Structures are given as structure tokens and as C-alpha cells.
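**Q** Listed below, chain by chain, are the residues.
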Amino acid sequence: MSSATPRTRPRRLGAGDRIFLTVIIGIPLAALLFFVWLPALASLGLSFTTWDGIDLADIHWIGLDNYKEIFTNYPPFWPAVRHNVIWLLFTALLPTPFGIFLAYQLDRRIRFTRIYQTAIFLPMVLSLAVVGFIWEIIYNPDTGLLNGILNAAGSGHHIDWLGNPDLNLWAVLVASGWRHTGYIMILYLAGLKGFDPALKEAAALDGANGRQTFLRVVFPALKPVNIIILVVTVMESLRAFDIVYVLGGGVGSKPGMELLSLLITDNIIGESSHIGYGSALAVVLLLVSLAAIGTFLVQTFRKEDQ
Amino acid sequence: MTTTVTRPASRVRESQTRNTPSAPRRQTGRHLMLAGIALLWLVPLLWAVYTSLRPYADTAKHGYLSWPRSLSLGNFTDAWNQSGMPHFFWNSVLITVPSVLGTLLFSAAVAFFVSRFDFRWNIVLLMLFTAGNLLPAQVLITPLYRLYLLLPLPQWMSDSLLLYNSAWGIIAIHIAYQSGFCTFVLSNYMKTIPKEISEAALVDGAPVWRQFFQIILPLCRPAFAALATLESIWIYNDFFWPLALIESGDKRPITSALANLQGAYFTNPNLIAAGALMTAIPTLLVYFALQRQFISGLTIGSGKG
Numbered sequence: 001m002s003s004a005t006p007r008t009r010p011r012r013l014g015a016g017d018r019i020f021l022t023v024i025i026g027i028p029l030a031a032l033l034f035f036v037w038l039p040a041l042a043s044l045g046l047s048f049t050t051w052d053g054i055d056l057a058d059i060h061w062i063g064l065d066n067y068k069e070i071f072t073n074y075p076p077f078w079p080a081v082r083h084n085v086i087w088l089l090f091t092a093l094l095p096t097p098f099g100i101f102l103a104y105q106l107d108r109r110i111r112f113t114r115i116y117q118t119a120i121f122l123p124m125v126l127s128l129a130v131v132g133f134i135w136e137i138i139y140n141p142d143t144g145l146l147n148g149i150l151n152a153a154g155s156g157h158h159i160d161w162l163g164n165p166d167l168n169l170w171a172v173l174v175a176s177g178w179r180h181t182g183y184i185m186i187l188y189l190a191g192l193k194g195f196d197p198a199l200k201e202a203a204a205l206d207g208a209n210g211r212q213t214f215l216r217v218v219f220p221a222l223k224p225v226n227i228i229i230l231v232v233t234v235m236e237s238l239r240a241f242d243i244v245y246v247l248g249g250g251v252g253s254k255p256g257m258e259l260l261s262l263l264i265t266d267n268i269i270g271e272s273s274h275i276g277y278g279s280a281l282a283v284v285l286l287l288v289s290l291a292a293i294g295t296f297l298v299q300t301f302r303k304e305d306q
Numbered sequence: 001m002t003t004t005v006t007r008p009a010s011r012v013r014e015s016q017t018r019n020t021p022s023a024p025r026r027q028t029g030r031h032l033m034l035a036g037i038a039l040l041w042l043v044p045l046l047w048a049v050y051t052s053l054r055p056y057a058d059t060a061k062h063g064y065l066s067w068p069r070s071l072s073l074g075n076f077t078d079a080w081n082q083s084g085m086p087h088f089f090w091n092s093v094l095i096t097v098p099s100v101l102g103t104l105l106f107s108a109a110v111a112f113f114v115s116r117f118d119f120r121w122n123i124v125l126l127m128l129f130t131a132g133n134l135l136p137a138q139v140l141i142t143p144l145y146r147l148y149l150l151l152p153l154p155q156w157m158s159d160s161l162l163l164y165n166s167a168w169g170i171i172a173i174h175i176a177y178q179s180g181f182c183t184f185v186l187s188n189y190m191k192t193i194p195k196e197i198s199e200a201a202l203v204d205g206a207p208v209w210r211q212f213f214q215i216i217l218p219l220c221r222p223a224f225a226a227l228a229t230l231e232s233i234w235i236y237n238d239f240f241w242p243l244a245l246i247e248s249g250d251k252r253p254i255t256s257a258l259a260n261l262q263g264a265y266f267t268n269p270n271l272i273a274a275g276a277l278m279t280a281i282p283t284l285l286v287y288f289a290l291q292r293q294f295i296s297g298l299t300i301g302s303g304k305g
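Protein chains in written order, with full-length UniProt numbering: chain C, 1 to 306; chain L, 1 to 305.
These are calculated hints, taken from the structure and not from any lab test.
Do not take every clue at face value.
[As the list claims (entries may be wrong)] Derived EDC-like pairs (lysine to aspartate or glutamate); straight-line CA-CA distance at most 20 Å:
hint : chain 1 : residue 1 : chain 2 : residue 2
1    : L       : K195      : C       : D17
2    : C       : K68       : C       : D52
3    : C       : K223      : C       : D196
4    : L       : K61       : C       : D52
All of these numbers come straight from a predicted model, not from anything done at the bench.
Construct the entire structure; sequences and hints are all you get.
**A** The structure is reproduced here in C-alpha cells:
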């Protein structure tokens with residue numbers, strides 16, 4: 001839409017202006033390239049090498065060996081991939097639609113809507129680390145709220161929510177979904193504000209009920225917001241780190257809760273630093289994220305390109 | 001007279017017939033549901049508050065799910081005094097304030113360039129910045145960690161003599177990484193400023209730098225307010241960069257230093273609850289004071305429309 005804006009015609013700029021413009025684009029660009037893109041590309045390069053991380057001269061090219069190793073001979077890799085996929089599916093199927101549902105419910109003139117919004121959005125203001133600690137005192141097998149309630153209800157089970165490898169990922173996902181729901185709700189509410197209410201009324205006049213109106217009229221019309229929410233959900237699922245780190249006890253990946261992001265840090269910090277492994281894992285993560293990033297960029301910049 | 005009286009009456013009747021009798025009841029149901037969800041969403045936080053207010057001896061004796069014998073702020077004062085929280089808060093300030101200011105300045109500069117000047121690479125630049133912010137931090141961390149170990153800093157900047165283990169390193173990566181998001185938001189905002197304003201300034205012979213500092217930046221104040229709120233909370237809340245790039249615990253900002261607290265006091269959930277809540281207080285204050293800025297920052301960033 002902004003494509004119609006007439007561009008400023010080329011005009012003569014003084015030498016001072018040119019220097020000023022070079023500086024204001026040059027310094028931030030240099031910082032971005034040096035601190036963000038150089039490491040990202042270096043991850044790619046280092047993934048084909050073996051290096052102990054000490055002397056730059058000791059970097060040796062080994063081709064695809066790191067990838068072969070992590071695919072076939074690195075036990076936590078496939079569980080981590082599976083957990084990342086579960087994380088994504090869970091987040092996409094429960095907290096995200098729930099956030100959309102709440103946004104749709106709250107996007108009308110009802111009383112207390114701000115109070116409801118604030119309560120549900122509140123976890124999003126907390127850092128993921130704090131969220132981790134808050135849930136830690138809920139899940140703690142001896143002192144936590146959850147087992148306290150179960151005991152009070154007369155169940156004799158003593159469940160180690162964060163220790164049991166079959167349960168702990170789900171426990172973390174509940175905590176993460178608690179935070180994610182409010183995020184999606186707020187993003188969707190903003191999208192709904194821009195929605196033409198006349199369309200909704202027209203659907204109501206045609207006899208559509210609330211659910212039909214949403215699924216057939218509102219949801220398709222909000223395609224840009226839907227894409228953003230999809231991208232946010234994918235990115236958050238790939239980036240998941242802090243909350244797992246804290247709920248895992250702060251010692252890196254723990255059985256049942258391995259994630260790619262944690263394996264990467266396992267491999268750079270600690271005694272056994274496998275730079276090549278860590279980088280190969282980072283490249284796997286990078287390739288998956290690029291799909292989401294590409295979607296976002298296409299969605300965002302398509303209209304400007306014309 | 002009569003017509004004006006009857007008209008509203010007929011309208012009321014009309015709306016009454018259009019609304020099915022079940023409408024008010026449905027609204028009550030909606031309120032019940034939303035209030036229930038909102039309450040459920042607050043339970044974890046309220047539980048943390050409750051735990052933090054109870055003395056450890058009380059909970060040890062009667063269990064955590066019990067009525068309080070006494071409530072006090074003892075855990076908060078203990079966490080504050082014993083684990084060096086004031087120091088970590090100060091570290092957070094030292095990292096957050098320069099990072100937010102730097103990010104805003106850098107991204108305003110880039111946004112000004114890409115939105116107000118028609119050079120060929122505008123879209124590419126904008127994409128480079130935006131995509132940079134979307135990369136997961138873990139993709140960067142392995143080489144960044146090694147890079148920081150290689151880059152020297154003078155003694156007066158960091159006693160580690162390296163970018164590693166120094167607040168400067170954290171500030172640098174925050175600025176570089178967060179600029180992407182802010183550039184994206186600010187460039188969209190600057191595009192809405194009429195071109196005529198810059199044209200007029202040029203005709204008057206004002207140099208570009210004056211255009212930037214005296215015309216465009218002041219006009220972007222609402223966007224800056226939103227971004228500053230959002231970025232302050234994000235950077236303050238960041239856990240990962242200091243965890244990976246600052247080795248010694250006493251240099252970490254409060255959010256990452258919580259991990260130390262966890263290690264030292266894992267047997268005392270009351271104290272951990274108090275520490276976690278205290279860490280959250282600044283963000284909650286900023287959020288409640290500047291809620292509108294925070295949310296508009298979050299939502300303009302998501303590229304409405």
C-alpha cells in the first residue's frame with residue numbers, strides 16, 4: 001500500500017551530508033555484521049571443522065563429519081529434535097489457539113476486559129527465568145503446590161514432575177504455554193482492532209453464529225496477523241532455552257528435556273567443548289529458523305517491494 | 001414533541017426484539033469463563049507471593065499447602081541482604097540503560113537512512129537488520145563466545161581485559177541484536193512522516209544531521225516511548241547472553257544471577273520465591289506504569305496489516 005508513496009527524487013547532497021549518512025548507516029551496520037552475522041556464518045563454517053577452541057591455527061577441515069557424528073553417534077540429538085518438534089506442535093495446537101480464542105472473546109465491549117487482559121498477559125512481562133522459578137516452586141516434588149494438592153486429595157503418589165523424563169517436558173510446556181497464551185492474545189487483539197466491524201455485522205445478519213463468523217469471516221481476513229503469529233510461535237519454540245535451563249536445575253540438558261538450544265550451549269561451555277558439534281547443531285537450528293524468518297520477511301516486505 | 005419522544009422508545013423496542021432473550025445470560029457466562037481463566041492465570045504468581053511471605057520454619061513444620069501461622073517480609077530482606085541482590089540490580093542497570101539507549105540511537109539512524117533516503121539497498125538493509133534479530137541466540141553463541149575470548153579490552157573498561165566476562169560485551173551484543181527489531185518498527189514509523197517535512201528542511205538549506213536530530217527524532221517520540229519500554233523489559237529480562245558470556249557470578253545482571261541463587265538456596269523455596277519476585281518487580285512496575293507503550297511496542301513490531 002505504501003508503494004504509492006512517491007520516492008524523493010535524487011538530489012545533490014553536500015559532502016557533510018554524505019559523511020553523516022555514511023556514519024549513521026555504517027556504524028550500526030558494522031555492529032550488526034560483526035556481532036550477529038559474522039557469528040552466524042562462522043557457525044556454518046566451524047560446523048565443517050574440528051577445533052579445541054583455543055588456537056585459531058588448530059582449526060581443521062573435516063567436511064561433513066560433525067554432521068555424521070551428531071546424526072548417528074550423538075545420543076541426545078534425536079531426542080532433542082523430537083522435543084523441539086513436540087514443543088512446536090504443543091505450542092501451535094494449545095496455547096496459540098487459546099490465545100486467539102481469548103482475544104476474540106475480549107475484543108468486544110464487555111466490562112473488566114482490561115482486567116482480564118492484564119491478568120492473562122502478566123506472565124509475558126516476566127522473564128522466562130523468573131517464570132521458571134515460579135513453576136519450580138509449583139512442581140517441586142516435596143514442597144510444590146501440585147504435589148501438595150495431590151496429597152491433600154488423598155492420592156499417595158509422589159510425582160517428580162521435573163525429574164521424570166516422561167513428564168518433565170510436558171511440565172515445562174505448561175509453564176511455557178502459560179506465558180505464550182498472553183503473548184498471542186495481545187498480538188491478535190491488535191489485529192482484531194484493525195478488523196472492519198461491518199464485516200462481522202454482515203455475517204451476523206446472514207445468520208452466522210459466533211464460531212462461524214470467526215472461522216469463515218474474521219480468521220481469513222486476518223491473514224497477515226495469522227502469519228505473524230505462526231512465525232512467533234515457530235521462533236519461540238526454536239528459541240526455547242531459559243525456562244528449560246532453569247527448570248532443569250541449571251546444569252544444561254537433562255534427560256527428557258533435551259532441546260537443540262541446550263545441546264549447543266552444552267557443547268561450548270563446560271570441559272568437553274566440541275566447537276564443531278556445537279556449530280553443526282547451531283546450523284541445524286539455523287536452517288529450521290530460516291524457514292520461519294523467510295516467511296516473515298516475505299510477508300512483511302512483499303508489499304513494499306512493488 | 002411527540003415524535004421525538006416516541007422515536008427512542010421504538011428504537012429500544014426494536015433492539016429488545018433483535019436481542020434474543022438469551023443474550024444477557026450468555027454475557028454472564030462469558031464473564032464467568034473469563035474471570036475463571038484470569039484467576040487461573042494468576043494462581044502461579046499468587047502462589048509464589050504466598051510462599052515468599054511465609055517464614056521457612058512455618059512451611060517446614062506445617063507444609064506448604066497450609067494456612068499461614070505468620071506472614072512477613074523476612075524472606076525478601078534475607079534474599080536482599082544475603083545474596084547480594086543490590087549488587088546484581090546495579091549490574092542490570094549498568095547493562096540495561098546503555099543497551100536501550102544505544103539500540104534506540106542505532107536503530108533510529110538506520111531507520112532514518114532506509115526510510116528517508118532513496119538509496120538502492122534500502123530493502124536489503126532492512127531485511128538484514130530484521131532477520132538478524134530473528135536468528136535464535138544459540139545460533140550465534142558458539143563463535144561469539146570464542147570471539148569474545150579473543151577480543152581485548154583496556155584495563156579501564158574491563159578487569160578481565162577481554163570482551164568476555166565484561167558488561168561491555170553484553171551491551172554490544174544487545175545493541176547489535178536488538179537494533180534489528182527497533183529498526184523495523186522505527187522505519188515503519190518514519191515512513192508515515194510526510195516527505196514534505198524533509199523537503200522543506202532541504203530547501204531551507206538545513207544539513208541532513210539537523211534534519212535527523214531536530215525534525216525526525218522529535219517526531220518519533222511516541223515510537224521511542226513504546227520501544228524504550230519494551231526493550232528495557234526485554235533486555236532486563238535477558239538471561240542467555242550473560243549466562244554464556246559472563247563467567248564470574250558477581251558480574252552478572254540480576255536475571256542471570258538468579259541461577260546463582262538457585263544453586264545456593266535450592267533447599268529454601270521461600271527464599272527463591274522472594275528472590276524471583278523481587279527480580280520481577282522492576283518489570284512489573286514498568287509494565288503497569290507504561291502498559292500502553294509496552295503493548296503498542298509489541299504490536300506495532302508485529303507488523304500490523
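**Q** Which hints from the list above does the structure break, by number from lowest to highest?
**A** 4
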